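From first to last, the protein sequence lines are chains A and B.
Reminder that position 415 of the first sequence reads as 415 in my numbering, one-by-one numbering, no gaps.
Reminder that position 281 of the second sequence reads as 281 in my numbering, one-by-one numbering, no gaps.
Among these hints, one or two may not hold up.
Copies of the same chain look alike in the list, so a pair counts if it works inside one copy or between any two.
Straight-line alpha carbon distances no greater than 30 angstroms define the calculated DSBU-like cross-link-like pairs of lysine-lysine that follow [to be verified]:
1) K3 x K144
2) K409 x K380
3) K50 x K505
4) K409 x K50
Source of the hints: derived by calculation from the structure; they are not laboratory data.
No experiment lies behind these values; they were computed from the predicted model shown.
Protein chains: 2
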Amino acid sequence: MSKIIRINLANNEIREEASPKGWEMIGGRALISKVMEEEVDPTCDPLGPKNKLIIAPGVLAGTTASCVNRISIGGKSPLTGTIKESNAGGTTAYKLGRLGIKALIIEGQPADNGLFTIYVSEDKVELVKTEELKEVGVYSAADKLRERFGGKVGMIIIGPAGERLYRAAGIANTDNEGVPSRYSARGGLGAVMGSKRIKAVVIDDSVAKGPEIANEELFKKTRSAMAELIVNNEQVANSYTKLGTAGLVNLTNSLGALPTRNFSTGSFEGAEEINGQKLYELITSRKGEGRPSHACMPGCLIRCSNVFPDENGKTIVSPIEYETIGLLGSNCGISSLDTIGKLNYLCNDIGLDTIDIGGAIGVAMEAGIIPFGDGEGAVKLLEEVQNDTYLGKIIGSGAAIAGEVLGVKRVPVAKGQVLAAYDPRAIKGLGVTYATSPMGGDHTAGQTLRSPVDHKKPEGQVEASRNAQIVNTLHDCIGTCFFVGGAIKGELQLLGDLMESMTGKPCSVEDMKQVAKDTLIRERRFNRGAGLNEADDRLPEFFYTEENPASGTVFDVPNEELKEVFNFE
Amino acid sequence: MSKIIRINLANNEIREEASPKGWEMIGGRALISKVMEEEVDPTCDPLGPKNKLIIAPGVLAGTTASCVNRISIGGKSPLTGTIKESNAGGTTAYKLGRLGIKALIIEGQPADNGLFTIYVSEDKVELVKTEELKEVGVYSAADKLRERFGGKVGMIIIGPAGERLYRAAGIANTDNEGVPSRYSARGGLGAVMGSKRIKAVVIDDSVAKGPEIANEELFKKTRSAMAELIVNNEQVANSYTKLGTAGLVNLTNSLGALPTRNFSTGSFEGAEEINGQKLYELITSRKGEGRPSHACMPGCLIRCSNVFPDENGKTIVSPIEYETIGLLGSNCGISSLDTIGKLNYLCNDIGLDTIDIGGAIGVAMEAGIIPFGDGEGAVKLLEEVQNDTYLGKIIGSGAAIAGEVLGVKRVPVAKGQVLAAYDPRAIKGLGVTYATSPMGGDHTAGQTLRSPVDHKKPEGQVEASRNAQIVNTLHDCIGTCFFVGGAIKGELQLLGDLMESMTGKPCSVEDMKQVAKDTLIRERRFNRGAGLNEADDRLPEFFYTEENPASGTVFDVPNEELKEVFNFE
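Throw the hints in and build the complete structure from the sequences for me.
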């Protein structure tokens, strides 16, 4: 991949550049951090013309190895005020990789309120007026774009939420079937895309030459080795492939870490109604369009995604994921997968992050607007968001702002972003990640659920989080799914071999980790430039003072230790 | 003054302490900064039990000198996330001074949702249940408290805004006539008081012994010297006494600095309808209860306050001030003093900061909710706030949050707080103050309007702001009104002599300035502890990029120079 394409909305100029020398190993999140540091004033208004929206596949994108085609989208976040990279599956990284595109950098801002789509193919990149898509939901927008640009394009789309600059707006990527539900959800990047008046990016790789692979033989050999490890991995088959990420519900519930009723406890009496087994049963018994296992991106052998049907076999939503279940389900006291699926679909269509919206609905429930457990009420709240009412705007702003406006003191956010579905008092390594990650409350920034620590004790959590943050960042930089590490039994050198096959240069695990560390260092530097310091690396007060009854713990990793997370800085 | 009284709402304990040794010169804002630094975790939740609300008169409070009885109220701000001191006139500092009370420190938080009033007199301090005042407006609450505690008490009161934890909630102090309209308005401290479930502090000095004065002779001599300077100061008579602060409208309008239609320009075509002359004419022609000149605190000889009557001579509001006219008037495109007076009264009664609410209504107008200039619409917006509707909650959260929720990009705030009524592009020294003050956007933190600089040029503004911040902080520490400096022709040593008469120790202007500098240094240290760094010392982007058409300027004081404001640190 050698091209970087800049689209400047201030003057509608499109420019193609060669990828800078020395960037062979720089893709995805690493690339975003480099561009942000070199080109964007960290104090800029995230929704102003000085911010940039960067769409960057990982280094391995466009190839047919398993789990290597995740997309990174980044910029300065209007939710957290920090640098942000938000990562998703789908086909968009694959298609950009096949077009040899290392990054799309969307710059500036139009003077008027038009609405554009960026069309990218082998022979051209152009800005197309698509006013007719104003305020159109994501699913319907995808259909209309497909009618116009052909059935096989990949698409990156925002919903009304992004157009309206809601702080909880995400960005959808289409999957293998063209369903726009693989979300770069976090950090309000949908609002950044909306601020530039870009409704969609359409990627047409129909006549693409495909990615340049320096060493085809090494690539094929490594791809096969990985495939063999994955397909023979029983844990993958029994958990991720069969149950999807929903398989985590039982585990976190047993740890007292499943967010329940606005993080007031960590075990949910309705857990059995929303766990992986229940989801599997419903999908397999309802049949029709349902699929218990489904690949979110080309070539994926883990297939943790799913298609969730209603009683008549018609799709409610695809996929339904653990984080969504935890936040829109147990965190709201809702124990019906049908309701969660409906809420999930609505979020996807409006263009919202299910995690931040689940947090915001939990906060609205704590404020007494509707009671905990009121699924119908939650659907109505999302209809308020859809209809852009004042209450809808409050919810669409995410939990941090909703908490401020609604006068709620217990708001589960870090750097303004809702924590994922792991209570930081019960899985303290994740608490360290939430607090210290340059990304704010985000499990994919440093997942310690599988780390060899006692999750309820403060000891060892800083090291666990540090290691996880480095490895997770590594995946975000090279474009691999972070489940692949376990799936290939920790043989990360295989990823190094894939890197070598692409770049022609040997690549050790340490080399990849160095890319990750450098990325984290750049991100933290950007955040300091944006006005943050170590005192921002904290959780909300109630996690330190209010015991989680299910785990019997508060968050008690000492601040002095939190300062040591980035000891490689 | 020798007593510090602590009221802990967690256990309803009331404790009296002697003022620490060496605190003779420490009062008001200086005292707040000391207590906050020594006792409050800067990362704490501003609305949680770890924050404290500190009510501290200045060192000269309780005496009968002119202009020395301002009250300081402080804590960590839920609006700015910084340390905050908000300053007002009225009688409360005077009465606390007469009781020998150096500070009331309100700590902790009750477990339930009760509502209390703190009663303070010569012989007792007690917590009184006043559930019947829940959601009662400030004026009516004052009446009811007076019925209960007697007509001559001083009162510090919050409205429904503070009880509901609105981020733009202020705290009212009663004036000489018992009218609760001298506002410690800024920074959302009303919400801090509300979070502790304190509706009011009632101060009964009926049998007070009065303040201890170490050198009566020096005190009387200095008081007379000051009085003579003030009553013979023609500028005071012709501007402040006759026109009040509204006299500034013509000056700022001519400089292109009068905020107009959400800071989109700095001169207002309706300025003549809202200036000091117009106000004077209306008050003097309508007669009845109107007073063009009125003392906000005991003994004040400047008398810049007023009572503004309607056509029948009944009071609309008292006082009406320049900042309110600038924010609720021209900034909203409203050119009727009657409407501004009505808006002002509603803000006072609900318990809101007129500056932040004027900013929020301007933002709502920019969002298209009502058009600029729609006075009736603005009144209706405040009724939404009064009724606690969702739109009302958004406006009551202040302009920063309103801008986020309503998707408005031009939001005139610094550190989350609305700028006062001076466009920072046209009076650049104030821009420096807004950007760098530990208090956020606040003119009283460092007013440069009278500084010997070309307001439109970047040169010299950092020095002007530095000097103004030191002198303004000096006034906030000793409890003097910041108009007194001009009124006594810059003879600040007279204030030093008053200090000496109180403490018995010689006090030079440099000594007082040192107290101010030490205070600023402590405040900045607290803010760093709260997560801020120099990148937070900035104005919103649009002031740097969008020309103010009235002044023909952008804000262009270089960031490198902004770093030099606190060169004494």
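Hint check results:
With identical chains, the CA atoms of K3 and K144 are at most 30 angstroms apart within one copy only, with a shortest distance of 29 angstroms there and 73 angstroms across copies. For the identical chains of this complex, K409 and K380 are neighbours both inside a copy (24 angstroms) and across copies (28 angstroms), given an alpha-carbon limit of 30 angstroms. Proximity of K50 and K505 under a CA criterion of 30 angstroms is satisfied in neither setting, with 36 angstroms inside one chain copy and 55 angstroms between copies. For the identical chains of this complex, K409 and K50 are inter-copy neighbours only, at 13 angstroms across copies versus 34 angstroms inside a copy, given an alpha-carbon limit of 30 angstroms.
The structure shown violates just one earlier hint, number 3.
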